[in-house]
Amino acid sequence: MTAVQAALLTLVLLPAAVGVLLALVRGAERVAAPAAVVTAGLTTALACVVAPARPSLVLPFMVGADFSLAVDALAALVVPAVAAVTFLVLVFAAGNIRESRGRFHGLMLIFAAAALATATAASIPALLFAWELMGATSYALIGFWWRDTDRVGAGLTAFVTTRTGDLGLYVAAGAALAGGAGMALADLPAATDPWRHVIAAGILVAALGKAAQLPFSFWLSGAMKGPSPVSALLHSAAMVAMGGYLLLRVEPLLAATGWAGPVAAWIGVVTAVLMGAVALAQRELKQLLAASTVAQMGFVVLAAGVGSVSGGAAHLVAHASTKALLFLAAGAWLTALGTGELAGLRGVGHRWRVVGVAATVGALALAGIAPLSLWATKDAVLAAALVASPWLYAAGLVAAALSAAYAAKVLWTIWRRGLREEAEEGGTGEVGVLERAPLVVLAAGAAVLGVLALPPISGTLAGALGGHGEAALTELLVSAGIALVVLLAMFRWRAPGPRWARQWLWLEHTAHAVVVRPALALARALARFDDRVIDRAALAAARAVAVAARAAAHVDDRVLDSGVEATAAAADAAGRSAARLDDAGVDGAVEGLAGRVRRLGEVARRPQTGAVHQYLLQAVAVLAVGVLAWSVYAVMG
Amino acid sequence: MLSLIVFLPLAVAAVLAAAPAIGPTVGRWIWVAVSAAELVLVGVVWAGYEDPGPSGLAFEERVPWIPGVNSSYHVGVDGLSLPLLAMTAVVFLACAVYALRDSDRPRVQAALFLFLQGVSLGLFVAADLILFFVFFDLSIVGMYFVIAGWGHGNAARSALKFFLYTFLGSLALLLGFIGLYVAAEPHTFDIPELVAAAPLEGSTFTGGLVLAAVLVGLAVKTPTVPFHTWLPPAHTDAPALGSAVLAGVLLKMGTYGFVRIAMPMLPDAWRAWAWVIVVIGIISVLYGAFVALAQTDLKRMIAYTSVNHMGYIVLALGAVGLLADDAAQARSVAVTGAMVQMVSHGLITAALFLLAGVMQDRSGTYDMGSYGGLAAPAPRYAALFAVGAFASLGLPGFSGFIAEFQIFAGSIALAPVTAVALLGILVTAALFLRALQRVFTGPVEGRSPGFADLRPRELWSVGPLLGLSLLIGVLPRFLLEVIEPAASALATLVRS
Amino acid sequence: MEASMRMLPALLLPEIIVFIGALAVLLGGSFLPRRRQWIARIVAALALLAATAAAVSAMFEPAQTAFSGTFAVDTATGMARIVTAVATLLVLGVASGEIAASPRESDTYALLLFAATGVMVLAGASDLLVLIAGFLLASIPLYGIVGLAGGRSGAEAALKTYLMGALSGILLMLGVTVLYALAGGPGYALLGETLPDAPGAAVGAGVLGVLAGLLFKAGGVPFHFWVPDASQGTGGTAATFLTTVPKVGALVAVYRLVDTVSTGEDTLLFVAAILATASMFLGNLAAFWQTDPRRLLGWSTVAQVGFLLVPVAAAGRSGLALPSLLFYLAAYAVTNVAAFAVTAALPRHQELAAYRGLVRARPGLALALLVALLGLVGTPPLAVFVGKLTTATAAWDGGYGWLALAVMLNSLLSLFYYLRWFAPVFARPHQGAMGFPQPGGAASWPAATAGVAAVASLALGLLAGPLWAALEGPLAM
Amino acid sequence: MSLDAVLVVAAALFAVGLYGALSQQVVVMVMMGLELMVNGVLLAAAGFWWFMAPAPSGQVLLLVVLAAMTVEMAMGFAVATLLHRRRQTDMTDMAEDLSR
Amino acid sequence: MVAAIVFWGLAVVAVAAGVAVFVVDSMARATYALAVSFIAVGALIILLQQSYLGVITILMMVMEMAVMAVYMVMFMGMNPALMPMDMTHGKKTAIGASTGVFVLLASGALLIPWPERRGVPPEDLTNALGLEIMGEKMLVMAVVGPVMVATIVAGVVLAAGRTRYDRLGDDLRRRPADDPQPGGIGR
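Residue numbers (numbering that gives the first Met the number 0), protein chains in the order written: chain A, 0 to 636; chain B, 0 to 495; chain C, 0 to 476; chain D, 0 to 99; chain E, 0 to 186.
Don't take every hint at face value.
[Said to hold, decoys possible] Pulled from the structure, derived: some chain D residues nowhere near chain C, Cβ distances all over 12 Å:
hint, residue
1, SER1
2, LEU21
3, GLY57
[Said to hold, decoys possible] Computed from the model, here is a short list of chain C residues facing chain A with C-beta under 7 Å:
hint, residue
4, LEU26
5, LYS159
6, ALA200
7, ALA204
8, ALA211
9, PRO221
10, PHE222
[Said to hold, decoys possible] To list a few chain A residues with every Cβ distance to chain B over 10 Å, as calculated:
hint, residue
11, PRO54
12, MET61
13, ARG162
14, VAL170
15, ARG415
16, VAL439
17, GLY458
18, VAL477
19, TRP492
These are calculated hints, taken from the structure and not from any lab test. By construction, the Cβ of each residue, glycine as well, lies at the ideal position given by its N, Cα and C atoms.
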């Protein structure tokens with residue numbers, strides 16, 4: 000194992016190991032935050048080391064399914080971003096989180112490790128491994144304040160929803176095994192038909208689930224119930240972003256199928272539009288940002304669909320910086336003021352200037368205002384979309400306009416005069432230096448990362464990643480213009496809040512109505528069925544035997560009965576005693592299969608009347624019948 | 000060596016049972032010591048194990064028993080049995096440690112569990128059908144006494160049901176064995192010889208009947224839907240240790256029978272009935288998961304997840320018999336996954352049942368509605384339970400993932416329709432998380448206040464089980480290297 | 000031919016020893032004070048031991064016939080003699096506790112030995128007339144044994160036993176008459192040669208008549224009626240004896256007859272299969288709701304006869320048939336004695352429920368009972384398991400796969416009522432329930448017998464291999 | 000006189016005896032029925048012997064049947080006495096305690 | 000012809016007497032009827048050329064019936080001559096069963112193609128019987144002997160309520176014996 004390979008492994012294992020230690024070891028409360036920050040710092044450094052070195056590492060895992068990690072051009076771009084955002088978020092968290100720090104920082108590190116592993120995964124097993132781990136950690140982080148049942152419930156929703164998508168990866172794994180090209184992500188396009196299509200579909204579903212694209216988007220709304228640093232990391236660089244990232248990574252596969260690319264593109268752009276509207280409708284900052292994340296991730300998915308990997312990657316990175324910034328700002332205000340309602344955030348920009356300015360940079364970038372980052376990166380994507388279809392392009396522009404609109408809503412709120420002086424109950428009323436510092440760095444990123452999508456870097460990137468070199472100038476101008484116009488218009492005429500979009504398109508309600516409730520009802524029905532039917536099905540069989548036996552006994556009686564009365568009385572008594580047993584449930588231990596055979600037992604005892612002449616009669620009768628049968632058989636042959 | 004492993008616990012059990020002079024404390028420690036010694040012995044076997052090649056056995060021993068019917072005391076291990084052997088030793092040691100404080104007739108309890116350990120280990124090393132059956136049946140008898148003697152609730156009734164139901168299974172199995180014996184030429188009960196002879200090759204009808212008998216026998220023990228109804232009451236009323244052993248070890252006897260007997264000896268019939276088996280597997284997976292979802296009793300819920308988890312195994316093994324061209328690797332992967340699932344389920348479910356036992360121990364109920372916010376008074380308990388739950392729902396990093404990934408990769412490659420069963424892992428996730436939410440989170444209420452956290456012996460019995468699951472989940476090679484050759488040999492045998 | 004014409008009375012040494020032992024017990028017993036009749040018991044035991052030794056040594060000789068081919072001395076006879084002698088010996092163990100120093104003690108021993116002689120003759124008979132004589136010698140003392148114990152109900156038991164026995168004896172003689180006429184003589188060798196050409200219906204009537212007599216002795220359906228009544232009504236010693244020893248001779252005789260008559264024609268095998276099935280099902284089902292342990296065991300022996308008839312259905316078709324029958328007989332004998340001995344050790348506990356908590360008061364006895372009942376269920380590695388396994392295998396091997404299925408099904412059925420018995424044994428005792436006698440005293444003999452028999456049941460299972468080798472020999476004709 | 004005729008008469012005796020065995024309550028009467036059945040067997044045996052297989056062993060059969068009848072009857076008297084002594088009855092219907 | 004008439008005559012007597020056993024209204028008469036039936040059958044056996052066995056049958060049955068009559072007087076505690084009786088149960092079923100059995104047996108007797116006679120009767124039947132008993136069938140008689148012994152023993156122990164210990168005491172030393180009705184040789 001070479002040094003860089005070791006560095007790659009360490010990049011993943013270091014935060015994971017430290018995270019496990021912090022989470023499990025009691026008494027790590029004090030050192031947790033510094034240890035986490037240091038670890039994240041080291042990780043960032045390692046990321047910067049491995050990014051240019053492009054190592055790859057194949058570990059034997061299962062037959063035909065190696066555990067491979069690799070840093071290719073795409074990962075080289077994204078991995079440092081993930082590491083850096085993690086670092087900054089953890090710095091923020093060091094100031095922001097004040098309880099159960101060991102658990103919090105431990106989980107965050109594991110989460111980050113999973114994200115890094117996802118970013119570097121080069122085979123399906125490795126990907127799935129990291130992918131699911133990321134989902135599980137997100138569950139633990141969203142439900143971090145476990146005393147509130149609804150937060151845990153939100154975590155549950157997040158995990159189960161994303162895992163629904165993850166099933167696609169399992170299918171993809173099976174298909175890859177059958178497809179004959181192996182499980183390395185890079186080899187998947189070589190899989191034979193029809194397996195290639197299955198793989199593409201599986202991965203697409205998995206990615207859409209994690210990226211919270213339609214129709215999975217609702218889980219992200221609930222995920223806001225987690226601590227803000229969690230939201231910051233989850234939305235910007237880790238989980239949601241990884242959904243888009245995966246599609247970028249398998250773009251050759253999508254392209255190879257012919258249909259997966261357009262599907263992804265359309266889902267992306269539709270998500271961008273609809274979720275833009277949802278964002279616009281929100282009244283709570285974090286909810287707005289969450290919807291905005293989905294919408295922005297729609298551009299990344301669109302990019303993967305239309306083959307603009309470089310544009311998508313650039314958008315991803317730039318968005319990471321922007322969105323982390325905004326979430327951290329929101330978190331800072333939330334901690335300080337105890338509220339996330341937009342109505343409660345009026346004029347916060349004035350009270351905490353650093354936060355306010357940084358957030359403004361982020362919001363403007365989000366709005367697509369030139370020359371900030373998202374303006375350029377988005378256009379890189381849209382340029383590719385125009386090549387694919389003008390309709391896609393048009394829809395993309397609508398989405399861009401919507402992002403400008405909701406960004407304007409944020410800006411209008413935070414700079415509007417009229418802040419309530421007192422913080423609400425639960426607010427600390429202050430924003431510490433540890434919380435402010437990362438914002439500045441992130442704001443810088445949000446401002447300048449657009450260069451990734453502008454010449455000359457865009458050309459290099461496109462060369463390395465695939466995609467279209469640059470957007471045409473006119474397109475850049477058009478989008479910048481639209482953003483500006485919308486922004487100003489919003490300032491002028493208050494932002495509309497489409498009511499139909501406020502509840503996230505009722506996606507969660509729908510999911511509950513269509514999936515969850517029927518599933519639970521099915522579960523209960525099956526459980527009842529299990530208790531009442533299956534458990535007794537065997538008994539029913541036994542009962543049938545008993546009935547047959549009784550019928551046989553009846554015939555028997557006719558043939559050889561000496562005292563029909565006696566038998567009838569016996570049968571009656573047997574029936575009554577059996578019924579009594581049944582009613583009272585006396586012999587409880589005897590239920591079950593045997594319980595029904597008891598009738599047979601009664602039938603079998605009937606001939607034993609106690610009267611010896613009846614014994615003789617029965618014996619002779621059976622023998623006579625035997626002789627007769629034998630004779631008939633002998634004569635008939 | 001293997002004989003020592005099998006008969007050491009049996010002998011000690013006999014001594015313990017026969018000597019009332021042995022005090023309770025001494026009895027418990029003897030139990031722990033013997034279980035530890037067993038683990039060491041199994042470790043020695045593992046260390047000295049070299050793959051014996053297709054249908055070969057390592058550490059083989061053979062002594063004639065009933066030469067009239069060509070049955071012998073024949074034992075040996077291969078890649079299919081060794082992991083289960085090790086898992087069994089681990090689970091029983093965990094039980095011994097867990098029971099260090101039990102005060103209910105500890106000497107007899109120790110004897111009974113050592114007896115069970117002996118027969119379980121014996122079953123996994125048996126290379127003769129009759130010997131296999133002997134241990135199979137004795138495990139039922141032993142478990143009956145565990146449930147009836149140490150259970151709670153309606154233990155007598157559950158034990159009775161368990162005994163009758165599983166005895167039915169064992170008799171069906173015996174019938175199948177006799178069929179194999181009669182069909183083989185020359186007549187024999189020896190497993191390797193039967194595998195080599197492949198009796199009933201080509202005779203679809205008789206082969207189907209014999210397979211059906213064997214399958215019913217194994218399906219009851221496994222258990223698969225619809226033969227599973229003995230399981231929930233047995234678990235609910237069994238003591239924690241009994242449940243751990245029952246779910247951890249005894250259920251594996253059913254699925255182990257598939258790979259040891261049904262598949263290699265009746266490959267023809269297995270192929271012919273593969274679809275049925277796959278369907279039963281799928282139904283077990285989904286049905287078990289959904290019914291578990293609806294449970295309010297924690298132990299019943301875990302019991303039903305066993306139906307679900309064992310369903311994966313049946314599914315994978317059934318898929319191996321399906322027609323698919325040139326998919327040797329997928330078959331091998333599916334078998335490997337099934338084997339790993341056996342080990343994994345043994346470790347994880349044993350841990351979960353032991354943890355559930357803590358609940359019964361502290362407050363006498365498994366009803367999830369009776370708890371709330373349990374993580375506050377018992378954080379270690381909550382953490383361990385959460386780990387167990389995540390392990391059980393197949394989270395990467397734990398053994399369950401290694402198993403389920405391979406099972407699904409292999410099965411889907413062989414029969415895409417098996418992807419339906421993926422729903423099972425989703426439902427399992429949901430139900431475990433719901434259980435965690437109900438019991439451990441939210442405000443502290445119900446019986447939670449004053450709930451004492453895990454004691455060291457509980458920690459040290461459950462912890463290692465989950466630790467091993469984690470180890471397998473992260474570094475599976477040490478296990479897979481043992482299983483894979485045997486799995487691929489089996490896969491080849493089923494479809495050569 | 001010359002050899003078969005010879006008398007060779009020495010070949011009947013075990014029978015002669017037991018008979019002389021019976022006479023010695025009878026005559027000597029009449030001079031013994033009441034409390035010193037144990038001397039008679041010792042004499043009886045010595046006679047049985049000597050007979051066992053003689054039988055064992057005879058097993059090493061090649062198979063041959065005595066008295067002009069009317070008595071076969073082969074593996075089957077040898078094994079039947081050993082099982083008969085050993086089982087009777089165990090019955091003496093039970094008797095030592097129950098009837099010690101009773102006025103009829105030595106007479107009972109004499110009758111036991113007479114009956115044992117008859118059972119041995121029955122097992123070896125290869126001539127229909129000898130069969131009748133053996134039947135009488137095995138039956139008549141049995142009426143006495145049953146009637147001697149049990150008071151009121153013992154008399155009823157004796158009456159029922161007697162009437163069933165008399166009727167079946169008549170049917171036996173009728174059957175013999177018909178077969179004699181068809182074959183022109185009563186020798187088995189002659190039967191085997193001529194019967195295949197005789198009218199089928201007549202053969203059927205004859206064979207079924209003979210079977211009727213033997214089924215009475217064995218206690219199989221449809222001549223089983225006396226078994227549960229007698230087991231319940233009479234004393235422990237008699238119950239143990241009548242459910243164990245006569246079956247040995249009767250079943251070997253059935254096998255011999257079926258093997259002889261069924262050459263070239265398999266109706267009889269089918270009849271055996273039917274009888275086996277009927278006995279199994281009826282015995283097991285009727286045992287379900289019994290509350291008296293001894294009556295339950297009585298029904299269980301009816302079922303066991305069914306199991307024992309299973310290999311008969313494979314006579315001549317499977318090499319396993321005879322050895323499995325003989326093994327099962329031995330296994331059954333010790334296991335059944337163990338179960339009855341437990342009831343004899345607790346004579347006052349005449350309800351299953353009264354056994355509740357036995358394991359705490361008398362763990363040894365409980366363990367013996369457990370072994371016995373699990374043995375009767377057919378739990379490995381106990382002896383009956385090997386018997387059930389091999390008989391079912393023989394049946395399947397002989398073409399009766401469904402009979403193997405019936406065996407398994409019935410094992411399951413039987414488990415249920417055995418569980419009804421031993422589940423209370425291991426449960427916590429109720430408050431104020433009838434206690435259990437302390438170990439020691441007269442009841443220690445049956446308890447010890449139960450232990451010995453239980454151990455033997457286990458040992459037979461574990462050591463099935465060596466024993467099996469001794470069982471594989473052809474019938475002498 | 001032919002075999003058929005002898006056998007039919009024997010069958011009639013047997014059937015009459017069977018009727019008695021089945022219908023009589025008094026033990027001794029039941030025994031009489033059984034004796035009649037033996038009577039039929041005896042006649043049949045004699046007929047078979049003469050018309051089908053006049054070998055010496057057939058006469059032995061007759062002898063054995065006679066002996067069997069005698070000893071069975073002797074036991075019957077003993078059992079009847081026993082019943083009378085222990086239960087003060089001579090009827091089978093008074094001895095039906097053991098059943099089911 | 001004469002033989003046939005005699006045969007049918009005896010047959011009718013045998014069966015009719017047999018029926019009479021269960022028709023007459025006292026046990027004593029039943030006993031006599033049974034004896035008659037047996038005598039008729041014995042005569043039939045003589046008719047079938049087995050005079051020795053026929054005579055034995057007649058002698059034994061007459062003896063037995065005498066015993067039976069005595070027995071009833073002694074033990075049954077009723078006046079056999081006067082006691083009218085209808086002590087039957089399940090009469091109809093019994094008639095049905097016995098009729099069925101008769102039909103079965105008779106139709107068997109008539110329909111079965113009985114094989115031809117094999118061999119001829121020996122010259123001196125009784126001598127041949129003796130040789131057979133002492134020869135090939137020795138074992139049969141050797142076993143019948145013990146059967147007799149066993150019958151005596153079993154019969155006595157069942158019939159006798161009192162044992163030697165009741166008579167002579169537990170140590171068998173009581174003299175004279177305690178008998179309800181003293182007597183016997185030398186007393």
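Tested hints:
| no. | hint | in the structure |
| --- | --- | --- |
| 1 | SER1 | holds, 14 Å |
| 2 | LEU21 | violated, 10 Å |
| 3 | GLY57 | violated, 6 Å |
| 4 | LEU26 | violated, 35 Å |
| 5 | LYS159 | holds, 5 Å |
| 6 | ALA200 | holds, 4 Å |
| 7 | ALA204 | holds, 5 Å |
| 8 | ALA211 | holds, 6 Å |
| 9 | PRO221 | holds, 4 Å |
| 10 | PHE222 | holds, 5 Å |
| 11 | PRO54 | holds, 21 Å |
| 12 | MET61 | violated, 6 Å |
| 13 | ARG162 | violated, 5 Å |
| 14 | VAL170 | violated, 5 Å |
| 15 | ARG415 | holds, 38 Å |
| 16 | VAL439 | holds, 36 Å |
| 17 | GLY458 | holds, 39 Å |
| 18 | VAL477 | holds, 44 Å |
| 19 | TRP492 | holds, 45 Å |
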